[in-house]
Amino acid sequence: MNISADNRHSLLPFGTIDTPAQGGTASGTAYVNFGWALAPQPYVIPFDGSTIWVYIDGQAVGHPTYNQYRSDIATLFPGLQNSNGAIGFFYIDTTRYAPTNPYGNGLHAISWSVSDNAGHVAGIGSRWFSVPAPTQQTSRNIPALADTPNGKGPPSTAGLTCGSNDCTWGYSAIYYVAPAQMYGISGTYETGDARYYFTNFAANKMLDQSGHDLGLECPGDATSIGDTEADARAPCNSSQNYYLYASNTSLYTLVGTHRAQASQADSGIFQTYDNLAFVRAGGSADFSSLPMGSFTDFRYTGGPTISPNNDGMTVFYTAPRTNNTVSVHVDAPYSTRKGRHQIGFPGYNI
Amino acid sequence: MNYPRTLTSLLLCLFPAVLSAQDNWRGFLDCPSPGNPGCPTANLAGGVNVTGWALSMYTVSKVSIYRNPVPGDPPADPYGLIWIQDAPFIAGARPDVAAAYPSYPNNNWGFGSQLLTNMLPDSNGDGGRGNDSYTLHVIAYDPYGNRWDEHICGQPAFASSLRHD
Chain A
1 MNISADNRHS LLPFGTIDTP AQGGTASGTA YVNFGWALAP QPYVIPFDGS
51 TIWVYIDGQA VGHPTYNQYR SDIATLFPGL QNSNGAIGFF YIDTTRYAPT
101 NPYGNGLHAI SWSVSDNAGH VAGIGSRWFS VPAPTQQTSR NIPALADTPN
151 GKGPPSTAGL TCGSNDCTWG YSAIYYVAPA QMYGISGTYE TGDARYYFTN
201 FAANKMLDQS GHDLGLECPG DATSIGDTEA DARAPCNSSQ NYYLYASNTS
251 LYTLVGTHRA QASQADSGIF QTYDNLAFVR AGGSADFSSL PMGSFTDFRY
301 TGGPTISPNN DGMTVFYTAP RTNNTVSVHV DAPYSTRKGR HQIGFPGYNI
Chain B
1 MNYPRTLTSL LLCLFPAVLS AQDNWRGFLD CPSPGNPGCP TANLAGGVNV
51 TGWALSMYTV SKVSIYRNPV PGDPPADPYG LIWIQDAPFI AGARPDVAAA
101 YPSYPNNNWG FGSQLLTNML PDSNGDGGRG NDSYTLHVIA YDPYGNRWDE
151 HICGQPAFAS SLRHD
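Chains as they are written, first to last, in the numbering used here: chain A, 1 to 350; chain B, 1 to 165.
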């Protein structure tokens with residue numbers, strides 16, 4: 001079959017849907033439909049995603065959160081108005097589409113319709129996906145962590161070993177969260193505060209400067225970090241929260257918190273990244289080259305180090321031991337399942 | 001040159017009676033298709049739907065989309081092609097096919113994949129993306145490694161790969 005393509009002169013937006021995969025399966029109440037869209041120069045897709053529509057079975061179901069950075073797309077298609085924010089995501093409550101018959105295949109169609117600022121419209125990513133019947137859903141690979149960023153259960157000292165100067169965590173259990181909750185990888189570690197800290201929930205990340213869902217925005221001072229600006233906004237959540245404000249995309253990302261009291265506190269950031277390869281069970285990954293922000297080095301001297309195991313891998317972090325308490329929260333985008341996953345480290349009293 | 005394969009193909013062309021192994025295949029490429037106004041083949045941009053159906057009495061394990069190499073490509077596969085992506089099957093998508101071929105297994109399965117032309121290297125090797133001409137190959141496989149491709153009998157296009165009866 002011979003075809004000819006002429007994207008050089010095309011005026012139409014283009015892109016695709018990444019999840020669900022073509023013919024893939026979607027499940028859960030907050031399945032994350034990822035995609036990306038770009039427009040040829042000089043056109044731009046509005047950053048707020050208002051001109052991108054998600055269609056399921058021909059029905060418009062909403063706009064994705066748009067203007068998210070992903071390095072591979074930015075590298076592959078540089079110089080476009082949306083190159084540094086081509087990614088969008090949309091939550092789907094797939095239970096609305098699950099078959100009532102346990103033997104049903106729950107087959108559905110999804111697509112995005114994308115318009116640029118000049119009114120050029122293109123459909124992207126059209127595909128089938130299936131939603132399993134409820135009886136077919138499993139909870140595989142979702143261990144009952146004693147403590148996770150979702151706050152389930154009390155802190156545990158499992159996996160923690162401490163020397164005279166520092167403590168190291170090793171935790172092999174992996175707690176699955178929806179991929180979008182992992183976008184904008186961030187973390188916080190504290191020393192000297194008995195409270196463990198929850199961060200990096202989707203609602204707290206990538207907030208729209210135009211005012212949507214800026215529940216954590218509070219008065220505060222700011223400091224510049226390269227091309228971006230980190231705003232310390234207090235009081236919020238009983239602490240001072242650090243946001244990474246990307247001036248080029250007008251997005252806020254909660255990257256950590258600074259405890260003004262209880263002595264020592266540090267915050268760090270994993271800059272947003274989305275280009276880590278999927279690592280299979282028993283595989284390994286090197287995080288040593290992850291880009292880091294200008295905060296205190298979150299990795300510190302002892303981590304992270306990665307060890308493969310049968311369920312994915314174990315991550316070890318080391319943080320300085322100060323006073324009597326250390327606390328670490330780490331988000332890590334890997335697992336035996338394709339997609340990003342989250343590992344939560346509770347606070348430890350030592 | 002894959003001599004055994006070439007010889008087999010030649011024999012199949014010269015002696016159609018031995019085509020039974022191949023003749024169990026049924027299928028059709030709906031898109032892209034010169035004969036389908038909704039699925040053009042020229043001046044494409046952005047995503048292109050590659051859809052159709054394929055049947056084998058031995059079941060079809062996968063359908064893969066390939067293209068001919070262009071300058072600057074990595075080494076091609078043993079068949080001289082560059083794999084692009086697989087087209088997943090969707091069970092239940094083709095009740096019309098099931099009605100037409102009730103004796104075939106998985107006969108209501110269709111395949112479909114969206115090929116993003118922007119991701120293809122320019123066929124002139126200039127380093128750009130998604131411009132000029134490409135030859136696509138859509139090849140069906142059964143679980144035993146048999147592949148139904150367009151090289152049999154020298155027919156150039158997909159129609160010989162996934163024929164429409």
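Honestly, I wouldn't trust all of these hints.
Unchecked claim - Pairs of lysine to any residue residues, derived as SDA-like cross-links and limited to a Cα-Cα distance of at most 25 Å, are as follows:
id : chain 1 : residue 1 : chain 2 : residue 2
1  : B       : Lys62     : A       : Ser126
2  : B       : Lys62     : B       : Ala99
3  : B       : Lys62     : A       : His120
4  : B       : Lys62     : A       : Thr95
5  : B       : Lys62     : B       : Leu81
Simulated from the structure, these hints should not be mistaken for laboratory data.
Original post:
Which earlier hints turn out false for this structure, listed by number in ascending order?
Top reply: Failing hints, ascending: 3 and 4.
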